[in-house]
Amino acid sequence: MGFSTLEIGKSALLAQRYGLEVVSNNISNANTEGYSRKRADLTSSTSKFEAGNFVGTGVIADQLKSFREEFFDKEIRNSITRNAGYEADQEILKRIEGVLGEPSETGLNNLISDFFISWDELASNPDKSAYRQKVISSARNMTDKFHQLAEGFEEARIDTLSKLNENVKEVNSLARRIAEINSRIADNHYSALEGDLNMADEREVLIEKLAEFGKMNVSQNEDGTVNVYMNGINLVTGKSINELKLVETTNGTTNERTVGVYTTDKQGNILNKINPGAGKLESQMKHYNETLDKDDTSGNFSIAKSINELAKEIAANVNMASVSGFGLNDTGATPPGRSFFVPYPADADALSIQVNTVILNDSDNIPLSSVAGESGNNQIGLQIASLADDINFINNRTPGEYYSDLLSKAGNMLNDSQTGLKNSTMVLDQMKNQRDTIIGVNLDEEAVNLIKFQRSFEAASRVVNMADEVLGTIVNLGR
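Position one of the sequence shown corresponds to residue 16 (my numbering), numbered consecutively onward.
Simulated from the structure, these hints should not be mistaken for laboratory data. Please read all numbers here as calculations on a predicted model, not as lab measurements. There could be a bad hint or two in this list.
As the list claims (entries may be wrong) - Derived DSS-like pairs (lysine-lysine); straight-line CA-CA distance at most 25 angstroms: (1) Lys178 / Lys281; (2) Lys178 / Lys288; (3) Lys437 / Lys224.
What the hints assert, rightly or not - Pair ranges (Cβ atoms, derived): (4) Ala462 / Pro118: 24 to 30 angstroms; (5) Asn236 / Asn411: 54 to 60 angstroms; (6) Leu458 / Glu263: 50 to 56 angstroms; (7) Thr264 / Ile453: 44 to 50 angstroms; (8) Arg412 / Gly455: 37 to 43 angstroms; (9) Asn430 / Thr346: 55 to 61 angstroms; (10) Arg32 / Met441: 40 to 46 angstroms; (11) Asn411 / Glu263: 32 to 38 angstroms; (12) Ala331 / Leu286: 21 to 27 angstroms.
Cβ atoms here follow ideal geometry from the backbone N, Cα and C, with glycine treated the same way.
Throw the hints in and build the complete structure from the sequences for me.
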């Protein structure tokens, strides 16, 4: 016993102090977002052969272990992606629901019905000016509503594009921060292993934020860095990143405007197109390119295009009848070819459909009669009124049925997003709770560890004091 005992006591002091530091750090970070608890693994030092026996030489702090679980991290990232996609869907679809404003007395469904009813009433009272004015009034109410819907959808589309741009910037910012952490870990910026593990926790928080925008895949490198992929396309590779760029293209034939997300190199050159797979970017691009695109050619449901088609068919069918009719003051055998709606003969859409100015200025110009000079003739009026019940009006449906189908599809999409979000949130919460039981800081457990290391430190101090006394006695024997 002597100097070796002193060294053993010293190693014990250092090891227990390190354990106290780790436990203290766990307690101090109990409420830190993304922090995973750490554990100091202590290992017996290599024994030495002395006086015919192997004698212990103390203890060393072998390694610092983090309780991260890659399985839970991966599943939580996937749940975050699904959640964010449903939230983005819900936000846009609620916006669409607000624009439609159904059911309501001033909703398009009632206004279309009122328009055709006014023609039926005029056909029953062809000589009465009040009913002619009612046709004009109902037509203007309907066309104003079409304009309101078209403008509302376009505003929602513009806002969606703005959010896409903001989200692409956020993805690039997160990717840069992840690459910076990779660089600091790879360059051993933090000499202590605990520093690397804490930085890895911070990096995982950033990756989970990144998961809101698309499907994220992560691979580990030997130097402690990670590679991050968005649905298989490189976003972060060690210390470097490929920034995202939002690109809008216009179809020269259809004038359809669509957006896509691409990776770029350091010079800004486009590398690969990314399909986010899920998340905010996927949802917002889908609604920008399809749901809110009046020129959509994808074949998927587009509320803006569907409303456009309805306005176009109403204008076309009403005009087909009206151009063959006569107003009260028209003469001659040949109809004047007066369209009720303009533009004509070009196709009207939800934004451009208007009542013909000639009719607005003089209700007598409404082409109600099929024969000039017959003020009681109502054939054109009856023909237009009957369009309300025409099952072949548009897509083998009446105007009312077609519009009801649009409302149903939009409503189902919103319901699906709400149900999906509810279920996804439940799964996400369960996964986070399960992960927290593994990586989270349990204050009761840490309190026990604190006492354990404290008592061990006190005992090690007594060993050092005892070794010091023994050495002092030995020294005094030689005097």
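To see whether the hints hold, each was checked on the structure:
1. Lys178 / Lys281: This hinted pair holds, its Cα atoms lying about 24 angstroms apart.
2. Lys178 / Lys288: This hinted pair holds, its Cα atoms lying about 19 angstroms apart.
3. Lys437 / Lys224: Holds, at roughly 20 angstroms.
4. Ala462 / Pro118: 24 to 30 angstroms: Once the Cβ atoms are compared, 60 angstroms apart, the range 24 to 30 angstroms for proline 118 and alanine 462 is violated.
5. Asn236 / Asn411: 54 to 60 angstroms: Since asparagine 236 and asparagine 411 have Cβ atoms about 59 angstroms apart, the given range 54 to 60 angstroms holds.
6. Leu458 / Glu263: 50 to 56 angstroms: Since the Cβ atoms of leucine 458 and glutamate 263 sit about 52 angstroms apart, the hinted range of 50 to 56 angstroms holds.
7. Thr264 / Ile453: 44 to 50 angstroms: Since the Cβ atoms of threonine 264 and isoleucine 453 sit about 47 angstroms apart, the hinted range of 44 to 50 angstroms holds.
8. Arg412 / Gly455: 37 to 43 angstroms: violated (56 angstroms)
9. Asn430 / Thr346: 55 to 61 angstroms: holds (57 angstroms)
10. Arg32 / Met441: 40 to 46 angstroms: holds (44 angstroms)
11. Asn411 / Glu263: 32 to 38 angstroms: holds (35 angstroms)
12. Ala331 / Leu286: 21 to 27 angstroms: violated (46 angstroms)
Going down the numbered hints, you'll see the structure goes against 4, 8 and 12, while the others check out.
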